[in-house]
Amino acid sequence: MPVAAPGPWAAGNKPVKEEFFMADYKDYGLREPNPDFERIRKTVHHQEPDRVPLLESLVEYPVQSRFLGREVKSDDIKSQVEFYYQAGYDTVPVTVSAMAFGKVDDSSPISRVIRDKMLKDESEKEDMTKWSLEYRSFINDREDFETFPWEELEKPEILKPLYDVKDYLPEGMKVVANSGKIFTLTWMLMGFNNFATKLIMDEQLVSDVFGKVAEIQLNMLDKIFELPYVGVVWLVDDLAFGNGPIISPAHYRKFVFPWYKKIAEKCHENNVLVFQHSDGDLTVLMEDIVDIGTDLLHPIDPTCMSMKTVKQKWGDRLAFAGNVANELLRSATPEEIDARVKYLMETMGPGGGYCLAAGNSVTEWGKFENYIAMLKAAEKYGNYPMK
Amino acid sequence: MYENLEDIKNAIIGGKHDQIEDLVKKAIDAGADLEELINDGMVAAMDVVGEKYSKNEIYVPEMLVSAVTMKKGLDLVNPLLQADAKESKGTIIMCTVKGDIHDIGKNLVIMMLQGAGFDVIDLGVDLSAEKVVEEVKRTKPNILGMSALLTTTMPEIKTVIDELKEQGIRDSVKIMVGGAPVNQEWADKIGADGYGADAGQAVDLARRLVAA
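These protein sequences, in sequence, are chains A and B.
Read in order, the letters of the first sequence correspond to residues 1 to 387 in the numbering used here.
Read in order, the letters of the second sequence correspond to residues 388 to 599 in the numbering used here.
The set of hints was computed from the structure by calculation and includes no laboratory data.
Just to be clear, a hint being listed does not mean it is correct.
Sample of chain B residues at the chain A side, in silico, Cβ under 8 Å [said to hold, decoys possible]:
| hint | residue |
| --- | --- |
| 1 | N443 |
| 2 | Y446 |
| 3 | P448 |
| 4 | I488 |
| 5 | T538 |
| 6 | T539 |
| 7 | D585 |
The structure displayed is predicted, hence computed values, not measured ones.
Note that beta-carbon positions come from the ideal geometry of N, C-alpha and C, so glycine has one too.
Model the full assembly from the supplied sequences, consistent with the hints where possible.
This is the structure in structure tokens:
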């Protein structure tokens with residue numbers, strides 16, 4: 001671990017002062033970075049590259065800040081690239097969607113649209129519960145659907161991080177475009193209970209909202225495909241609770257999966273891989289996920305699914321990334337993290353088709369030392385050919 | 388027993404929200420016993436709905452539409468009941484604990500508990516231990532239900548239990564817990580009275596706790 005400069009850290013991962021030292025891979029005993037996106041491509045095509053790749057859709061900014069030794073913010077794409085490079089990743093995730101991965105906060109474009117275009121009372125703009133989709137819904141009926149400022153979700157500013165990142169990408173590194181929040185954005189816009197009841201009581205309205213959100217995502221893809229440094233489109237969309245799908249498989253097949261299939265087809269036509277993230281128990285949806293054309297599924301929720309089982313049943317048709325549980329990263333010892341990574345590499349690594357990742361994302365409430373232990377264990381156990 | 392009670396029950400189970408009012412009006416006009424209508428028709432229907440949900444035979448939308456259907460029927464019956472005949476199965480306070488704003492699960496549980504005849508006070512999300520204890524003292528519920536979605540907010544559930552003990556009122560209320568990272572083992576460890584894995588199980592648990 002790097003020797004801490006005097007006073008940059010209070011307890012936990014949050015930096016306190018502006019002037020920091022700059023850490024790199026050497027300070028953590030990691031290998032020299034040599035990103036190579038072809039590692040990921042070989043992996044999802046069930047070939048063995050030189051090592052099992054690391055892959056995350058999100059490492060929270062406080063963790064990135066702790067690693068680099070300086071504050072990394074959501075709009076600091078240069079530092080984000082620096083982090084993923086130093087930590088040993090082959091890709092850097094960039095959100096190209098109205099909603100970012102994780103909680104809906106003021107960094108999500110949808111929040112700015114709502115706050116700037118929809119709030120009538122100026123004082124409401126200061127109150128997060130008035131503009132964040134975590135607290136409030138905006139499409140309750142047909143009239144709301146017709147008057148919602150949909151065009152604002154296609155403004156060029158949403159793509160800005162994707163254009164900016166080009167200046168900082170090292171050789172061999174490609175971008176993962178986090179996109180495709182069709183299901184989640186639809187129910188958050190409508191409010192969950194309203195969405196769920198209207199799925200049955202006003203099917204046409206729900207279908208229209210799904211269609212509008214999907215259309216926006218698909219339009220975004222056309223711009224994404226113009227950029228040769230984008231290697232992956234990652235659909236980040238939770239479809240299940242711990243006990244199974246949120247809505248019935250039949251409803252998914254009618255309203256959601258046709259859009260995913262269209263996205264996957266477009267990606268493959270443009271030589272871009274398509275990954276899918278969902279928490280929860282996806283067992284009854286797995287054949288659909290294969291049928292959609294998904295290249296890789298993440299994270300195989302460790303609270304309710306087994307990596308070994310998914311490999312046995314679907315490992316010839318899907319690649320997987322996961323699943324060092326977030327609870328482990330929070331409460332285990334580095335030795336326990338090492339053991340978990342060893343198990344994952346031995347179980348999932350042979351034959352390719354596997355990337356190492358956390359059980360959801362790398363969060364600030366996990367222990368930083370455990371995250372580093374995960375990276376180091378990847379270097380120790382993830383090399384091909386495997387014994 | 389009202390001869391067409393099964394029709395009302397099946398309408399709720401099947402989410403036939405456009406048929407329920409006619410069916411219930413027919414029952415009322417036929418002089419059906421109102422408490423039997425509620426308990427053996429409507430509440431019993433929601434028990435079936437809860438069981439189907441636990442078995443993944445139906446999903447959240449179907450469960451919610453059944454609840455909407457039941458409420459439509461209940462809204463016709465309730466005004467006809469004498470105030471003292473409206474029997475509540477018990478009072479339950481529900482909340483998510485401090486730091487946790489995810490409430491989909493909590494809201495589903497509340498809906499099922501109300502369908503089962505409980506009076507439910509929804510305190511909302513992100514409740515501090517102090518606020519929860521204050522409400523328990525003020526309302527004197529039969530049950531306090533708490534949930535957490537994140538492993539980092541789970542410990543707050545124990546904080547509430549400890550605070551209730553500190554204030555000498557732990558034994559005045561039964562505590563049930565739930566949420567994605569929660570399980571029976573952890574619930575036992577922190578001194579909760581019960582754990583429910585989903586909204587259907589929460590109703591069974593609430594009934595057992597009130598009867599205990």
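(request) Kindly indicate which numbered hints from before are broken by the structure, ordering the numbers from low to high. (result) none
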